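Chain by chain, the residues:
Protein chains: 2
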Amino acid sequence: MADQKQKGNTPPAKDDNKITTRASNYSEWYLDIVNRAGLAENADVRGCMVIKPNGYAIWENMQRALDGLFKGLGHVNAYFPLFIPKSFFQKEEQMAEGFAKECAVVTHYRLRSVNGKIEVDPEAKLEEELIVRPTSETIIWNTYKNWIQSYRDLPLLINQWANVVRWEMRTRLFLRTAEFLWQEGHTAHSTQKEAEEEAMTILMDAYRKFAEEWMAMPVLTGPKSDGQKFPGAVYTLCIEAMMQDGKALQAGTSHFLGQNFAKAFDVTFQNTEGKREHAWATSWGVSTRLIGGLIMTHSDDNGLVIPPRLAPIHVVICPLGKNDAERGPSIAAAEKVAASIRALPRDDFFGYQPLNVKVDTDFLHMPGYRFAEWELRGVPVRVEIGPKDIEKQACVVARRDIPGKEGKTMGVPLEGAAAFIDKLLREIQANLFNRAKAFRDSHMKSADSYDQFKQLIEEPGFIWAHWDGTRETEDKIAEETKATIRCIPFDRPKEEGVCMVTGKPSAGRVVFARAY
Amino acid sequence: MADQKQKGNTPPAKDDNKITTRASNYSEWYLDIVNRAGLAENADVRGCMVIKPNGYAIWENMQRALDGLFKGLGHVNAYFPLFIPKSFFQKEEQMAEGFAKECAVVTHYRLRSVNGKIEVDPEAKLEEELIVRPTSETIIWNTYKNWIQSYRDLPLLINQWANVVRWEMRTRLFLRTAEFLWQEGHTAHSTQKEAEEEAMTILMDAYRKFAEEWMAMPVLTGPKSDGQKFPGAVYTLCIEAMMQDGKALQAGTSHFLGQNFAKAFDVTFQNTEGKREHAWATSWGVSTRLIGGLIMTHSDDNGLVIPPRLAPIHVVICPLGKNDAERGPSIAAAEKVAASIRALPRDDFFGYQPLNVKVDTDFLHMPGYRFAEWELRGVPVRVEIGPKDIEKQACVVARRDIPGKEGKTMGVPLEGAAAFIDKLLREIQANLFNRAKAFRDSHMKSADSYDQFKQLIEEPGFIWAHWDGTRETEDKIAEETKATIRCIPFDRPKEEGVCMVTGKPSAGRVVFARAY
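Going down the list, the sequences are from chains W and B. Counting from 1, position 455 in the first sequence corresponds to residue 455 in this note's numbering; the numbering is continuous, with no gaps. Counting from 1, position 29 in the second sequence corresponds to residue 29 in this note's numbering; the numbering is continuous, with no gaps.
Don't take every hint at face value.
Chain copies aren't distinguished; within one or between two, either way the pair holds.
Claimed, not checked - Think about it this way: if two alpha-carbon atoms lie no more than 30 Å apart in a straight line, the pair counts; the simulated DSS-like pairs of lysine-lysine are:
1) K71 / K423
2) K125 / K101
3) K101 / K71
4) K322 / K388
5) K117 / K263
6) K71 / K336
7) K209 / K445
Quick caveat, the hints were computed from the structure, so don't treat them as lab data. Here the structure is a predicted model, which means the values were calculated and not measured.
Using the sequences and the accompanying hints, generate a full structural model.
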């Protein structure tokens, strides 16, 4: 994981079979991975993407893991309408400011055919326009109004898996698209304390846990500054990750909404003393953006690297041989090893799913080509079985996280291959996390003056710096350096100081970075 | 399962705690079930529904089972955009006729705030209107154009889980709503034969299998008449079910699309002989409408009945007791039985999920109330454990499919309760199917004249009748009797005859019914 921002290098002449290196052009490298690994592509609809099968399979694994975490914490799923009447946005002032801007507006409900041309039927104009949901707080709290009467109806712990639309002008596959897929949790509680605990539980026991233990992506946890919070929230908690180019990715947010939405939609309940009170709320979400985070955390110049717990294919076995006589025994051995891996006992680590093993019998291509293709697609473990291996009743096991010879184990007995690979997959999962964490930690810097800050921000990484706590100073820094406050980490060191810009008192350092 | 259409009865005075009986008002009964079992409700957005947690949990189980069937048949999932440019509908003539009519049209991409009021920004008008997908053939075949070059790229076997919108004027929860959830499969093949086999495989090995083996809902299988086929299809195959009121529900369709979409979107591939050919297509879908079918197939006047394989909660255990001294041991025994059920070995029958067991410790309500609530929600098995049971180290097991004493087994030893219930759940699944099939079969009638047909159609059930095969006759029958041709079953008896309306020759009887 070399420095991503190496400059002044003449980029190597681009070979169409190779992906751009991270060092030569990080953005191109990212798009090459997305494209070449078959994850997604831009649709012929402005700002929208097609999530291709290889990309969607990762999302399905993410969904399964997250859904299990939410349910383990007592949540249930439901589904609310795609369309939100325009007037709903009017009810919560900050929502209107923050969300009811760049969005898709449905104004008509019928097309007609005139002389064989299809056009919008002007007769079919809606009385009130409908907004395609950019997020669902308004429609959900409008619904909760009828569900919440008494403290006995609380808490409501509901999650929704859905598509949402925000009319983005500059899009980038997975990271920022007009339509994207996500989950949005919306909970209602009878006390402030319980709602605040919920926002924290989701952050730490669902989002942080998922990011670190499934995605192998270390995250900072803590509140956002007021300038970066969700419109309509009292405060926003976040998980924030560092990509390999040192930029930040907001990977998930959990909002304490206070009574803002309950007041806007008049949601009250009778408390234990018989008095009516407004309910307390949280909302929280992660999206297909996480796939972008996954790519930019682990992948390398050979292609995608997927942590085993989220890999659609865990193991690929490549039987080898120059002719049918050689290939037959290789294929037989490959199938036998595959069956033994699929038959490994199911456990929680892989969500009680059997391991997915693919036997690659594409003999039209040379072994090197086949290996490179599977590396590109990020399969965590590759097994090679050729005639010489068969002689020794053994195989070669290559781990994707360590490309080349260093990551190969020769002479793994066929008999014990399944157990060896089972153990190796868990080791890869741990190694990816440790490596990403070492990278992140080695790119956390401190600035003690604004000048130093301006210098450091040109290099990859996050910067700890003192800030006076005001929106003005935050905006000034953003304008002058393109860096924003990413997080005020819960575990930041206790260290009072003075703001690097204004010299006013600071309660402690916060984390700045340029972000996706 | 008494006759649903009993007339002239004075409906009993409605008790707010009871649901309407099927005999008194079938439509009201349906809505009462949906409402009282917490499955769904109408949203404050015209024609849209909120799928509530109890309803969504059934949908999740349906999704898991169907997704497993599709994947077992070699399919993968992907995701395509919500929005379809208007011009795409122009490309396939029949699509334009059939679908580009009642749909939601996005014309603007921004709102603005003027004097604190939110309004559509007239500056932000789209150059080309976007249609919220009513179905995705057009956008998907526009995408396939870039994915398909050679016969080696085929077949493409792709499925999408998504929301779709059709602007329905008269809606009914689950059965017909403006927005609904579904899956839509879209496959591309190099030969007509392979595409036709795919349409058939999905119908028989996914849809029929799912309907009968998971939903316990017997279905007729066969093509639709031309008048009832999907716009753009060469032909449409369907699974068709009979509800308890004798009306038909189209539960799933699988279309052979020929080369229609490949031609409309210019999707060609190089075949094995090096020539370019248009690809062959299928599409197929089932939706949240199936939840309506599930309700109307099995439920009774006590509430919802859910087949065990789709039940969100499989078993509820109600510990009983007049006071804490009695309740303590009951609860302890209940928890022990619950743990033993949860620990049953996972198998394919329940999708390798552990059985979901709930222990109901709501002692604020009388046992009768508690039992009725769980019956209403359709939990397949209820266990009662009170002080007298504890004395005998036994419990009472009540099955939901047979309400009342008849369905109760007394004195089931606590020790063997888990095994007893495991077996009982499978028995209930089979019983529900057999019962629904017996009902369906006993409501299949034959009409030999149009007069007889007109008489029979006023009673619940399907009618076998001869028809001359023309659209005109079909339309005339529909207009005069509100009955449509539901299916031309694959396994219809060989019997030539003459059309009951025109007297023209008929190749065999087809199935007519009034439908949802």
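Structure-based check of all given hints:
For the homomeric pair K71 and K423, the shortest alpha-carbon distances inside one copy (28 Å) and between copies (27 Å) are both at most 30 Å. Both within a single protomer and between protomers do K125 and K101 lie at most 30 Å apart by alpha-carbon distance, with minima of 21 Å and 13 Å respectively. Within a single copy, K101 and K71 get their C-alpha atoms no closer than 33 Å, and across copies no closer than 40 Å, so neither meets the 30 Å cut-off. For a Cα distance limit of 30 Å, the shortest separation of K322 from K388 inside one copy, 12 Å, qualifies, whereas the shortest one across copies, 76 Å, does not.
Taking CA atoms no more than 30 Å apart as the test, K117 paired with K263 passes between copies only; the shortest distance there is 19 Å, against 48 Å inside one copy. Taking the shortest Cα distances, K71 and K336 sit within 30 Å of each other only across copies (22 Å), while inside one copy they are farther apart (37 Å). In this assembly of identical chains, K209 and K445 lie within 30 Å of each other by CA distance solely inside one copy; the values are 25 Å within and 60 Å between copies.
In the structure shown, a violation is registered for the earlier hint numbered 3 alone.
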